[in-house]
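**Q** Once you have looked at the hints, place chain W on chain C.
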Amino acid sequence: MTAVVLGPVVLAANAVDTFVQTFFRGAALGSLYALLALSFVLIFKATQTVNFAEGAMALAGTWFLSMVFVDWDVPGRWLGGPTWLHWCLAVVLAAGMTAAIGLVVERLTIRPLIGQPHFTMAMVTLGLEVVITIIAVDAVHLTPRVLAVPWGTDSFRIGGAIVAWSYLAAIVMAGAAFLWTWRFFKTRAGVAMRATAFDQEAALAQGINVGRVFAISWGVGAAIAALSGIFASMAPWGPSGVASRDGAFFVFRALPAVVLGGLDSVVGALVGGLIIGFAEVFAGQYLADHASILGYGYQQVVPYVVMLIGLLIRPYGMFGTEEVRRV
Amino acid sequence: MRGRPNLYTSYEAETKLFPTATKKVLLGLFLVVLVLMPFDLWVVDQIPVVRFLGDSVWLRLVNRMLIFTIGALGLHILSGLAGQLSLGHAFFGGVGAYTAVLVGGKSSANLWGWGLPMWVWLPAAGVVAAAVGIAVAPTAVRVRGLYLGIVTLGLIFIGLHLSRVFPEIAGPGDLGRKWPRLEMRLWKEESAFIDFSRDGHWLWFDVTKHQKTYFLMLGLVLLMAWFAVNLGRTRTGRALAAIRDRDIAAEIMGVPEYRYKTTAFAISSFYAGVSGALFASFVGQIPPEQWSLRASVTFLAALLIGGMGRISGVFMGCFFVVMSHRFVEEIVDWAKHQAEGDGLFSPVFDLVISRGSGDGGLISVAETALGYPLPASALDEIIYGGLIIVFLLFEPLGMYGIWIKVRNYWKGWPFSY
Numbered sequence: 000m001t002a003v004v005l006g007p008v009v010l011a012a013n014a015v016d017t018f019v020q021t022f023f024r025g026a027a028l029g030s031l032y033a034l035l036a037l038s039f040v041l042i043f044k045a046t047q048t049v050n051f052a053e054g055a056m057a058l059a060g061t062w063f064l065s066m067v068f069v070d071w072d073v074p075g076r077w078l079g080g081p082t083w084l085h086w087c088l089a090v091v092l093a094a095g096m097t098a099a100i101g102l103v104v105e106r107l108t109i110r111p112l113i114g115q116p117h118f119t120m121a122m123v124t125l126g127l128e129v130v131i132t133i134i135a136v137d138a139v140h141l142t143p144r145v146l147a148v149p150w151g152t153d154s155f156r157i158g159g160a161i162v163a164w165s166y167l168a169a170i171v172m173a174g175a176a177f178l179w180t181w182r183f184f185k186t187r188a189g190v191a192m193r194a195t196a197f198d199q200e201a202a203l204a205q206g207i208n209v210g211r212v213f214a215i216s217w218g219v220g221a222a223i224a225a226l227s228g229i230f231a232s233m234a235p236w237g238p239s240g241v242a243s244r245d246g247a248f249f250v251f252r253a254l255p256a257v258v259l260g261g262l263d264s265v266v267g268a269l270v271g272g273l274i275i276g277f278a279e280v281f282a283g284q285y286l287a288d289h290a291s292i293l294g295y296g297y298q299q300v301v302p303y304v305v306m307l308i309g310l311l312i313r314p315y316g317m318f319g320t321e322e323v324r325r326v
Numbered sequence: 000m001r002g003r004p005n006l007y008t009s010y011e012a013e014t015k016l017f018p019t020a021t022k023k024v025l026l027g028l029f030l031v032v033l034v035l036m037p038f039d040l041w042v043v044d045q046i047p048v049v050r051f052l053g054d055s056v057w058l059r060l061v062n063r064m065l066i067f068t069i070g071a072l073g074l075h076i077l078s079g080l081a082g083q084l085s086l087g088h089a090f091f092g093g094v095g096a097y098t099a100v101l102v103g104g105k106s107s108a109n110l111w112g113w114g115l116p117m118w119v120w121l122p123a124a125g126v127v128a129a130a131v132g133i134a135v136a137p138t139a140v141r142v143r144g145l146y147l148g149i150v151t152l153g154l155i156f157i158g159l160h161l162s163r164v165f166p167e168i169a170g171p172g173d174l175g176r177k178w179p180r181l182e183m184r185l186w187k188e189e190s191a192f193i194d195f196s197r198d199g200h201w202l203w204f205d206v207t208k209h210q211k212t213y214f215l216m217l218g219l220v221l222l223m224a225w226f227a228v229n230l231g232r233t234r235t236g237r238a239l240a241a242i243r244d245r246d247i248a249a250e251i252m253g254v255p256e257y258r259y260k261t262t263a264f265a266i267s268s269f270y271a272g273v274s275g276a277l278f279a280s281f282v283g284q285i286p287p288e289q290w291s292l293r294a295s296v297t298f299l300a301a302l303l304i305g306g307m308g309r310i311s312g313v314f315m316g317c318f319f320v321v322m323s324h325r326f327v328e329e330i331v332d333w334a335k336h337q338a339e340g341d342g343l344f345s346p347v348f349d350l351v352i353s354r355g356s357g358d359g360g361l362i363s364v365a366e367t368a369l370g371y372p373l374p375a376s377a378l379d380e381i382i383y384g385g386l387i388i389v390f391l392l393f394e395p396l397g398m399y400g401i402w403i404k405v406r407n408y409w410k411g412w413p414f415s416y
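Chains as they are written, first to last, in numbering that gives the first Met the number 0: chain C, 0 to 326; chain W, 0 to 416.
Hints in this document: simulated from the structure, not taken from any laboratory. Hints are supplied without guarantee of correctness; some may be wrong.
Said to hold, decoys possible - Computed spacing ranges between beta-carbons, pair by pair: (1) 413/W - 190/C: 55 to 61 Å; (2) 232/W - 285/C: 52 to 58 Å; (3) 103/C - 118/W: 50 to 56 Å; (4) 232/W - 324/C: 27 to 33 Å; (5) 159/C - 389/W: 57 to 63 Å; (6) 205/C - 251/W: 46 to 52 Å.
What the hints assert, rightly or not - Incomplete in silico selection of chain W near chain C, CB under 10 Å: (7) 82; (8) 146; (9) 159; (10) 214; (11) 215; (12) 217; (13) 254; (14) 258; (15) 289; (16) 300; (17) 303; (18) 388; (19) 389.
Even glycine gets a Cβ: it sits at the ideal position worked out from N, Cα and C.
Just chain W, with the same shape it has in the complex:
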């Protein structure tokens, strides 16, 4: 009986975290690659084409992506697992960020801050966001579907207003205030014992601040993803899935809808809060407008592009949503160089790229690109919005669905069934 795929002889076997040895080995290898990723390894440099990130701009983007992933995992629990449409996820991120700055920030004449260390403010950000989530739940649980989407949209605007009511927390004006740095202290002593925001020395290696941050975020993401995966395998996770699939049937089977929806809101808000706090202190200073509808839509887009209801989909979606802007920029930059050079295809690229007011083309790379032709920054917004639509229309399972199709093709190759 052993070795047959999709044959389970017990429930335990079916709900195993890693059903096959192959998955275990592959994941192990992947983890090793992830850990080595931020270094310039001599061995890897010898292989053509392949390069690890090293301490480059890409590593910073990866850090950003990892922080974003934590928030998306939270929305995965609420939307993917429990099936509740939420447009207010960014609001909970904001709650977390402002809790962090209140607990960990420095106080001054017109700013509040208690200056506590990171091991206090990071969990506090999550817990306070979760508490707000529970406070919102009585209204949110009563409404369904699109009504819920609109109610949660309201949270964003109320949140933005609150940030103006309390300039002592949010900082004056549109600039925001300084967030506490990513550094570990025991209490309020002078020097941090692990400082993620300065270059330094770990064991025998010199590590830059971005490499340090990478390891912090990687650890947190793995921890939170592990929790999210496990949640899906517990009683709570099954209850949430039951509510998602058919709420009335779930209630008849004895799943208390109200309690589990509240739980889902609390957990997802916790994730959002942690992610918001990390993001704010990673960037250092951000205005309240960061926590807008746009951010919520980005979270939802990551879920939908990756594939709704799948943890691996969340990772793929986050990779896409955060990295796509950079990729578009790189491609436009490359096309610009092609157009300027005298290669075989340079006339083709010259048609696409517009380098000034007189030059025709679809994409503008001029310094003051405004209006038509579009600058690259506007172009990638359009691509991003367009891709949301395209994925929903043609591949509702997102990138996860594409992966499944590719895998099944090779699984059955050369047969198509």
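So that you can see chain C by itself, here it is in the shape it has in the complex:
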């Protein structure tokens, strides 16, 4: 299925260290899932469609970072100062470029279809997935690329537990994104987005520029997808990470998080992402003795199993709005 095996089983000095290490790994993976889920949710709230091209966008964002920072050395050729600052600027630039893709996609393919059945829009994004992946992988050379992450494979210690800096970075990134979203929903544009999500026609009648709301949500959604793609491609998460054709499927493992939390709930994205992340990592760590029965790589299926159980209990996710259907 995927070449990305997220972290091998850790063997630390004692049980507590193992737990702490596993906890951080779970929190980091959960943060990445939550980030992706946030991106899905923002796009779903505005345009009522699941963006199946998210994986391709994450892939494109990761390529952009590699191109901007490694190949072109973009902020570095004009700016002095430390490399890590250049890297951060390059990340912002890559996210911005992916946001541009999101804007173009929204304007050309999604907006003409507003009001069509969700079936149609979901298929359009699946078509986009094919196109963007091919362009990102084949047109930009199918060679392994480096992201030149400033902290590389370094890690720090908490007691006896070893925690990679990348894990902490992922957690911080997700925290920042959710904080930003929380703040954003209080601004004028954010309120407009919430109103549009609630009722498009009513929002339009109130003078809200619904088209701009769509554009914002797709742009932001694509940028967040790029960020999660970048942070999922760092050292402990497999050598190629998202930046490979298989890696795009990493994103599909975040879909259970969205469904578990509810397709239209930001809180749900956070909680769902963390639950799925913890479930996957803890199952990978503590059920490893039974791997011969469960099969190699069983932890990658855990998200889907959790999702299926969750859906049996609550068909619209934990925080999702139940669909009110008019008769």
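**A** Just chain W now, kept in the frame of chain C:
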């Protein structure tokens, strides 16, 4: 009253399989052409331009297309008729394929297989897939729309994992294992009485294995399409359409939603299972990765490009989805020859085609085509993905919609109404 189009005086007349004599005759003619298709007929060769397929590469592609059509017909029942978005259709194809190899495959030290004949494994593939479909239904029926799409997407990943858990069935590693051949036996005797996978002799004709396979697949497709069309005319079909159009209204009218959705899942999985089993044994050996999201998307694309909810649309869509890759290859090949020749337009083609690292152009035909300019194989993927989008944006009814427009234009010609 007779002879007026669109005038029906009874419900029976309206639900007739072939409402007009013209349709009957045309379909009959079409069937004759289909049967004669794989032969090199002397008569046909005398007509300029027109050629039947004969035993060519195209016939192999047609076989592939027919197998694919069976699966697409299944998805048509689930998505086109009952309106349920399923991204897990390939999973059921996989279930069918692995049932086939378990029942019909040969066993060895680390592989399971009972070596039973085709008349056992082919129906078994369908029935087991349908049973799995029924088992999945309790979860799938509870969720709607995109949630259903994501749940069924989960099936694919669970299926891929199961194929790794049971290497005894799926075969070791990424190569897969040998599938039973397409051949009819009574039981486990030595020689098959109809062998679709070897050249041979039927009546007075020499037929190759591909021609034999063609007739097997054609028969199966016609049978399954006939069933699918008829299903739409029965109580079950009307119930499914009612659920598709408005599920609450359907339930108020006394259509048990749960039961009919489960039925739709079962029937569509049956089709998928049969198609998967046939495909695997047609190819001979395939890895588990074959049953991926990509395959599911291809099924959906066939439905959407052809035209959602129409049997004729399913056929057109399958033709397009399976053949388009080959067409793109042929066109690129032709353009390459044009560019190399010294015709009037060869400079134009030379601009498009890139023949090496120094040569500019959009499409690469170099041996080791990697990266930009794109090789033809990547190009047709882009065209395929792009066409899905274009059809959805501009012609939601797909090729069927185009056909209706063309037909109506000529129907009213020279008037535009």
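**Q** So which hints don't hold here, by number, going up?
**A** 6, 10, 11, 12, 13, 14, 15
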